[in-house]
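Chemist: Residue numbers (my numbering), protein chains in the order written: chain A, 1 to 114; chain B, 115 to 228.
Source of the hints: derived by calculation from the structure; they are not laboratory data.
Backbone N, C-alpha and C fix where the C-beta goes; we use that ideal spot for every residue, glycine too.
One thing to keep in mind: the hints can contain errors.
[What the hints assert, rightly or not] Only some residues are given here: those of chain A computed to face chain B with a beta carbon under 7 Å:
id	residue
1	32
2	34
3	42
4	43
5	44
6	46
7	104
8	105
9	106
10	107
[Claimed, not checked] Beta-carbon label-pair distances, calculated as ranges:
id	chain 1	residue 1	chain 2	residue 2	range
11	A	61	B	213	18 to 26 Å
12	B	187	A	71	39 to 47 Å
13	A	79	B	130	51 to 59 Å
14	B	165	A	97	16 to 24 Å
15	A	68	B	140	33 to 41 Å
16	A	15	B	179	42 to 50 Å
17	A	16	B	155	26 to 34 Å
18	A	114	B	142	37 to 45 Å
19	A	20	B	215	20 to 28 Å
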Amino acid sequence: AQSVTQLDSQVPVFEEAPVELRCNYSSSVSVYLFWYVQYPNQGLQLLLKYLSGSTLVKGINGFEAEFNKSQTSFHLRKPSVHISDTAEYFCAVSFTNTGNQFYFGTGTSLTVIP
Amino acid sequence: NAGVTQTPKFRILKIGQSMTLQCTQDMNHNYMYWYRQDPGMGLKLIYYSVGAGITDKGEVPNGYNVSRSTTEDFPLRLELAAPSQTSVYFCASSKTGGLDYGYTFGSGTRLTVV
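Isolated chain A, as found in the complex (with noise of 0.2 Å):
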């Protein structure tokens, strides 16, 4: 089956520290990979996208992301966060075979703490 996982519903990180948020996924064909943020009470923006090519995926706000195809992750990382980061973190994933649907993990909310 076809899955999309962030297991870490909520990551505390002090300020100028540096996060990783993870999400793994499940899939028997290729997949595109997407990482979105999501700030309260506001629509998700686009902060990265692996669709292919190199592995190292640079974003908006200083986030980059890894595709590690053997360990079907995505993860997202910043060496150093700002108060500004705090908000909800989403991986979403297509499947190559599933046409134009997008399916979302569960979101990680990032809190950046003073």
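Knowing the structure of chain A, use the given hints to seat chain B on it.
Modeler: For chain B alone, coordinates are given in the frame of chain A:
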């Protein structure tokens, strides 16, 4: 440049009432989507459309209906509202099905059914 506009932002419905959630985009995107977001459950696709006059079911279509008479508008209709439809509803659009640019999301409609 408004992007994706959703109305209303908040609504309280009584069980059995009906309503239409409005969604309009001004980016000339062919693809449009309706998602619902429940706490701890991520986003689930309700319906989507790949162009005017074409709609299809997503993961959780029961209790909802859509229409797409124009490229700009993609309203979501709730008939006979039930408490299980209490959720935050997001409309999204994309130029190419989301793989190149991701989705553009509206700011959401928070619906409570009592």
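Chemist: Starting from the range 51 to 59 Å, see whether the pair residue 79 (chain A) and residue 130 (chain B) falls in it by beta-carbon distance.
Modeler: holds (53 Å)
Chemist: I want to verify a distance hint. Is the separation of the beta carbons of residue 20 (chain A) and residue 215 (chain B) within 20 to 28 Å?
Modeler: holds (26 Å)
Chemist: Under 7 Å, Cβ to Cβ, is where residue 46 (chain A) needs to be relative to chain B, so tell me if that hint holds or is violated.
Modeler: Status holds, d = 4 Å.
Chemist: Do residue 68 (chain A) and residue 140 (chain B) keep their Cβ atoms within the hinted range of 33 to 41 Å?
Modeler: holds (39 Å)
Chemist: With 7 Å as the cut and Cβ atoms as the points, is residue 42 (chain A) at the interface with chain B?
Modeler: The hint holds - residue 42 (chain A) has a Cβ within 7 Å of chain B, the shortest such distance being about 6 Å.
Chemist: Would the hint on residue 34 (chain A) be counted as holding, given a Cβ-Cβ threshold of 7 Å to chain B?
Modeler: With a minimum Cβ separation of about 6 Å from chain B (threshold 7 Å), the hint on residue 34 (chain A) holds.
Chemist: Holds or violated: residue 106 (chain A) as interface residue toward chain B, Cβ cutoff 7 Å?
Modeler: holds (4 Å)
Chemist: Regarding residue 187 (chain B) and residue 71 (chain A), is the given constraint of 39 to 47 Å on their beta-carbon distance met?
Modeler: holds (43 Å)
Chemist: Can the suggested window of 26 to 34 Å be confirmed for the beta-carbon pair residue 16 (chain A) and residue 155 (chain B)?
Modeler: holds (32 Å)
Chemist: May I ask you to test the hint 16 to 24 Å on the CB atoms belonging to residue 165 (chain B) and residue 97 (chain A)?
Modeler: With Cβ atoms ~22 Å apart, the hint holds.
Chemist: Closer than 7 Å between Cβ atoms is the bar; does residue 43 (chain A) clear it against chain B? Give me holds or violated.
Modeler: holds (3 Å)
Chemist: So, as I understand it, the hint says residue 104 (chain A) touches chain B; can you test that by seeing if any CB pair is closer than 7 Å?
Modeler: holds (4 Å)
Of the hints listed earlier, there is not a single one the structure fails to meet.
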